[in-house]
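> As a plain string of letters, each chain reads:
Number of protein chains: 4
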Amino acid sequence: MKDIESAAQTYIITADCPSRTGTVDVVTRFLFEQQCYINEIHSFVDTTENRFFIRVEFRLDSDAIFNQDDFTEQFEQRASQFEMKWQLAPRPYKSKVVIMVSKHDHCLNDLLYRYRTGDLNIEIPAIISNHPDLEELAKWHGIPYYHLPITKETKPEQEAEVYKIIEESKSDLVVLARYMQVLSSDMSKKLSGRAINIHHSLLPGFKGAKPYYQAYDRGIKLVGATAHYVSDDLDEGPIITQSVDTVDHSYYPEDLAAKGRHIECLTLSRAVRYHIENRIFLHGNKTVVFGK
Amino acid sequence: MKDIESAAQTYIITADCPSRTGTVDVVTRFLFEQQCYINEIHSFVDTTENRFFIRVEFRLDSDAIFNQDDFTEQFEQRASQFEMKWQLAPRPYKSKVVIMVSKHDHCLNDLLYRYRTGDLNIEIPAIISNHPDLEELAKWHGIPYYHLPITKETKPEQEAEVYKIIEESKSDLVVLARYMQVLSSDMSKKLSGRAINIHHSLLPGFKGAKPYYQAYDRGIKLVGATAHYVSDDLDEGPIITQSVDTVDHSYYPEDLAAKGRHIECLTLSRAVRYHIENRIFLHGNKTVVFGK
Amino acid sequence: MKDIESAAQTYIITADCPSRTGTVDVVTRFLFEQQCYINEIHSFVDTTENRFFIRVEFRLDSDAIFNQDDFTEQFEQRASQFEMKWQLAPRPYKSKVVIMVSKHDHCLNDLLYRYRTGDLNIEIPAIISNHPDLEELAKWHGIPYYHLPITKETKPEQEAEVYKIIEESKSDLVVLARYMQVLSSDMSKKLSGRAINIHHSLLPGFKGAKPYYQAYDRGIKLVGATAHYVSDDLDEGPIITQSVDTVDHSYYPEDLAAKGRHIECLTLSRAVRYHIENRIFLHGNKTVVFGK
Amino acid sequence: MKDIESAAQTYIITADCPSRTGTVDVVTRFLFEQQCYINEIHSFVDTTENRFFIRVEFRLDSDAIFNQDDFTEQFEQRASQFEMKWQLAPRPYKSKVVIMVSKHDHCLNDLLYRYRTGDLNIEIPAIISNHPDLEELAKWHGIPYYHLPITKETKPEQEAEVYKIIEESKSDLVVLARYMQVLSSDMSKKLSGRAINIHHSLLPGFKGAKPYYQAYDRGIKLVGATAHYVSDDLDEGPIITQSVDTVDHSYYPEDLAAKGRHIECLTLSRAVRYHIENRIFLHGNKTVVFGK
Numbered sequence: 001m002k003d004i005e006s007a008a009q010t011y012i013i014t015a016d017c018p019s020r021t022g023t024v025d026v027v028t029r030f031l032f033e034q035q036c037y038i039n040e041i042h043s044f045v046d047t048t049e050n051r052f053f054i055r056v057e058f059r060l061d062s063d064a065i066f067n068q069d070d071f072t073e074q075f076e077q078r079a080s081q082f083e084m085k086w087q088l089a090p091r092p093y094k095s096k097v098v099i100m101v102s103k104h105d106h107c108l109n110d111l112l113y114r115y116r117t118g119d120l121n122i123e124i125p126a127i128i129s130n131h132p133d134l135e136e137l138a139k140w141h142g143i144p145y146y147h148l149p150i151t152k153e154t155k156p157e158q159e160a161e162v163y164k165i166i167e168e169s170k171s172d173l174v175v176l177a178r179y180m181q182v183l184s185s186d187m188s189k190k191l192s193g194r195a196i197n198i199h200h201s202l203l204p205g206f207k208g209a210k211p212y213y214q215a216y217d218r219g220i221k222l223v224g225a226t227a228h229y230v231s232d233d234l235d236e237g238p239i240i241t242q243s244v245d246t247v248d249h250s251y252y253p254e255d256l257a258a259k260g261r262h263i264e265c266l267t268l269s270r271a272v273r274y275h276i277e278n279r280i281f282l283h284g285n286k287t288v289v290f291g292k
Numbered sequence: 001m002k003d004i005e006s007a008a009q010t011y012i013i014t015a016d017c018p019s020r021t022g023t024v025d026v027v028t029r030f031l032f033e034q035q036c037y038i039n040e041i042h043s044f045v046d047t048t049e050n051r052f053f054i055r056v057e058f059r060l061d062s063d064a065i066f067n068q069d070d071f072t073e074q075f076e077q078r079a080s081q082f083e084m085k086w087q088l089a090p091r092p093y094k095s096k097v098v099i100m101v102s103k104h105d106h107c108l109n110d111l112l113y114r115y116r117t118g119d120l121n122i123e124i125p126a127i128i129s130n131h132p133d134l135e136e137l138a139k140w141h142g143i144p145y146y147h148l149p150i151t152k153e154t155k156p157e158q159e160a161e162v163y164k165i166i167e168e169s170k171s172d173l174v175v176l177a178r179y180m181q182v183l184s185s186d187m188s189k190k191l192s193g194r195a196i197n198i199h200h201s202l203l204p205g206f207k208g209a210k211p212y213y214q215a216y217d218r219g220i221k222l223v224g225a226t227a228h229y230v231s232d233d234l235d236e237g238p239i240i241t242q243s244v245d246t247v248d249h250s251y252y253p254e255d256l257a258a259k260g261r262h263i264e265c266l267t268l269s270r271a272v273r274y275h276i277e278n279r280i281f282l283h284g285n286k287t288v289v290f291g292k
Numbered sequence: 001m002k003d004i005e006s007a008a009q010t011y012i013i014t015a016d017c018p019s020r021t022g023t024v025d026v027v028t029r030f031l032f033e034q035q036c037y038i039n040e041i042h043s044f045v046d047t048t049e050n051r052f053f054i055r056v057e058f059r060l061d062s063d064a065i066f067n068q069d070d071f072t073e074q075f076e077q078r079a080s081q082f083e084m085k086w087q088l089a090p091r092p093y094k095s096k097v098v099i100m101v102s103k104h105d106h107c108l109n110d111l112l113y114r115y116r117t118g119d120l121n122i123e124i125p126a127i128i129s130n131h132p133d134l135e136e137l138a139k140w141h142g143i144p145y146y147h148l149p150i151t152k153e154t155k156p157e158q159e160a161e162v163y164k165i166i167e168e169s170k171s172d173l174v175v176l177a178r179y180m181q182v183l184s185s186d187m188s189k190k191l192s193g194r195a196i197n198i199h200h201s202l203l204p205g206f207k208g209a210k211p212y213y214q215a216y217d218r219g220i221k222l223v224g225a226t227a228h229y230v231s232d233d234l235d236e237g238p239i240i241t242q243s244v245d246t247v248d249h250s251y252y253p254e255d256l257a258a259k260g261r262h263i264e265c266l267t268l269s270r271a272v273r274y275h276i277e278n279r280i281f282l283h284g285n286k287t288v289v290f291g292k
Numbered sequence: 001m002k003d004i005e006s007a008a009q010t011y012i013i014t015a016d017c018p019s020r021t022g023t024v025d026v027v028t029r030f031l032f033e034q035q036c037y038i039n040e041i042h043s044f045v046d047t048t049e050n051r052f053f054i055r056v057e058f059r060l061d062s063d064a065i066f067n068q069d070d071f072t073e074q075f076e077q078r079a080s081q082f083e084m085k086w087q088l089a090p091r092p093y094k095s096k097v098v099i100m101v102s103k104h105d106h107c108l109n110d111l112l113y114r115y116r117t118g119d120l121n122i123e124i125p126a127i128i129s130n131h132p133d134l135e136e137l138a139k140w141h142g143i144p145y146y147h148l149p150i151t152k153e154t155k156p157e158q159e160a161e162v163y164k165i166i167e168e169s170k171s172d173l174v175v176l177a178r179y180m181q182v183l184s185s186d187m188s189k190k191l192s193g194r195a196i197n198i199h200h201s202l203l204p205g206f207k208g209a210k211p212y213y214q215a216y217d218r219g220i221k222l223v224g225a226t227a228h229y230v231s232d233d234l235d236e237g238p239i240i241t242q243s244v245d246t247v248d249h250s251y252y253p254e255d256l257a258a259k260g261r262h263i264e265c266l267t268l269s270r271a272v273r274y275h276i277e278n279r280i281f282l283h284g285n286k287t288v289v290f291g292k
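Protein chains in written order, with UniProt numbering: chain A, 1 to 292; chain B, 1 to 292; chain C, 1 to 292; chain D, 1 to 292.
Just so you know, these hints were derived from the structure itself, not from any lab.
Listed next, with one range per pair, are the computed distances between beta-carbon atoms:
(1) Lys152(C) <-> Glu168(A): 48 to 58 angstroms
(2) Ala209(B) <-> Pro92(C): 42 to 52 angstroms
(3) Thr246(C) <-> Tyr146(A): 34 to 44 angstroms
Cβ atoms here follow ideal geometry from the backbone N, Cα and C, with glycine treated the same way.
Excised from the complex, chain A in its bound form (with noise of 0.2 angstroms):
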């Protein structure tokens, strides 16, 4: 978090690729040629699937000037030979971020809180809700606030509303802040890699309607949340990050959701936090989390 000012200059770059002698070469050899600094730097190798990922963090020497599209050019020409799938980022760089949410407003009002003093870098073009309870607080954080109620016979139209709104935004993310409807298969794949849930259980136990419920029924003595980006199999998207805290007998399923709601907010901010820092990778039904 050192050298705010120093921070304009500098960026991000993702890669994955399948895995072979130089992936790490090619990426750190070029920066060095454009001078860059190498803040940070994580690599990984799956060893079953062979695969490759990269995440570098690095800023530009002090009065150097940075040209975007030569640097993708020219490093596009490399990262070919390797079949690499690569981004670049400025960072720091504030994402838009749509939050779709039904009634309950504790992961909201946490993710307003880090959007309002800066914890989360973010825009919130819209808060997208299927119930008019929240306006208030989303009002009072001057986001605009669009109810957009849904039954089995809209859902068509209220998806495409709610996709109008993401595209014409230019949204890079969309979190489930406790939306608590299933997205259609369609808008789950147009979503997919970009949408992060949040589910009241630790998955993979506990799927569906009413987790704290199901857990209560059980007798756990661990409640937990799991943020997942969304997939078009309910609750088997890639596993993001995931929290519990310990619980005994005299939990009634009100207490678990009680306790539950400051580990849904810490979980989501977290892969909030990590998506848009860009540390996480897709991998299959899995995720790659550079995390810190």
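Assemble chains B, C and D onto chain A, guided by the hints.
For chains B, C and D alone, kept in the frame of chain A given last:
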């Protein structure tokens, strides 16, 4: 742990019954009349099932003479009016625990350490295994080791032998310390409420075989263990306690297993302690645990 | 949390006294005579100091009429024979909590969220700050905000004003939610046992100013927070609860602060909950906490 | 942990130097030129101290012949231009670890378990103690046990003997596994950076003698342990890793000790693992740890 000497005069009474006014008083008044001093008292009412649970640790005035038979006869007269199931146990009471293992020795090693240092106040009349591998470890601790191989065909005979050892040693508890064999329905029933298993996942996630492999495939970010009473329904018995630790994408199944070992040890030994200190009540398919 | 309606008829009795036979019975027998139903009972004996502590949550039979004055008069006759200090409180009881802040708003924001959603069953008659910054947040929640600047010279006057607000609002508790000022010895004494402070370190490590900077300099690998009662001796008051999270070498003081924020919130709100639910006993420079 | 066979061809290079452009490239380019495949790379820049740290795990192409002397000579030419301190180590490399103990055996027992199962890839040329108590345990593991009593007067001689054992066995690391003796200033200096101590508190809280008693007196709600390098300044050496567990008022010093045992074991073994896997850099009075 204070006053180890006077602890010889310490007892634990546990009871549960339908919930109604007077359920605490019937216990506490009787203890007062017997001039017992209450060290610690915990109670819980399950308002859904309308059932009351209580655990009282008490000691006798210094030179009192305690007649357990008289106590039992007299208290039963009152307890029966509340349809109370109850139990009286001296503390410290050296429980007899039979340990069953396969080839993995980490849980056994941990239990034996706690046994030989007195951390767990137990006797171990037998270690039973379907493999010969851990005999040396048993021997060094001076504990009889029974190598009872098992095949599909010989399972009934093997279990009969196991049961004989448990019964003849008058054991209070059977601990499946990574035994890796599913007990038959009949055996599960015979050991109901006195056999604890450690499962190396956070149940209900990853039931059945090879949970670390299942967890790896699902891309989990927390690895856990669950200690539970054995029941007829595999990995569905009442949960006693659970623990977790964080992992990331770089953990292959072998790494999950390595990281999980201490979690398994910790979780299993805690469950054993709760059991032998009469801290656990079976309550349908759940447990009420007055833990410490 | 069950039976919210009947909860109107729920009470908590807490008591402590020198340890001797009959200390539980004197409470439980009286409650039985009054036809009270005990929901939950916890006791503890400090065998070093020879002192007994008990907390009982009880409810009245459905249509009983409860006369608190009669209860008090009658129970006091018995309690006094045990030199018992005791307290009776209805539950839910909406505690009045004055919050004091400086410029950091994360703990305030968290407490206000829990206040407005009913997660903490409190009224907040006043938010007091030596800075004007957080007025907007207070206002949005409809809570009076007192901006009372403080200098070395004006400290006595400022504290007198603060005390007046606390007294006139008949507040039960004062919460220093990152107030960043040391209360005078006189003020500390006047608020003894009813003022909770959050210190952003794991006491007794890093007492005094700028604990995150101290922690950074020492190279710690866990960052923590401590909620404690304010005492005359800075950061030496009785500890109520503590929490931690893991960090590494890459955390500068600002990063520790960022990571520590949710820990501070969680720790402080837990301490407030314990206090208002009468779960805490002051016991010399320690606390006995019957937590949940 | 994959590919144990090919792991014979795996190496770790660690380096640190003043921070400037090219510090990553000088390592990664050289490795590329040597046709080394990078499994994992971590770097960190301390922007306050302007110092760069890197750890790279690499393996050789299947049938390459690796000449460590050539590698060293050639890389040194480049590294010296960056004033780089660096180290090359084969992996797996069986570190030689001398363990020093007193009478408490829990940490020793844990380390021996990890040693005999291969969980820690170490040799133990000697266990040294100022008491005879743990000889039996050492013997069962086939490890020479040196009983070297110590008094104020004989300390220099005793330490000379200890040092001789360390040197003659060419040990890489000394582990004070609850040795309970303070090393002399001279001895601390001679073992600087290669002696790890476990202190049973969360430093800097409760330095010095009897931390569990100190913690009890202070009424803490978390019990912890700290593994650190031994330094001349008691309990002030660079911290490697720390862990905690929750406790409450009912924990007397003996109970804290009992609960703390597994935390000490876990914390110490983790520190040892980090050290022998070349994951730790000494950095003034702190450490940089590329943990896993």
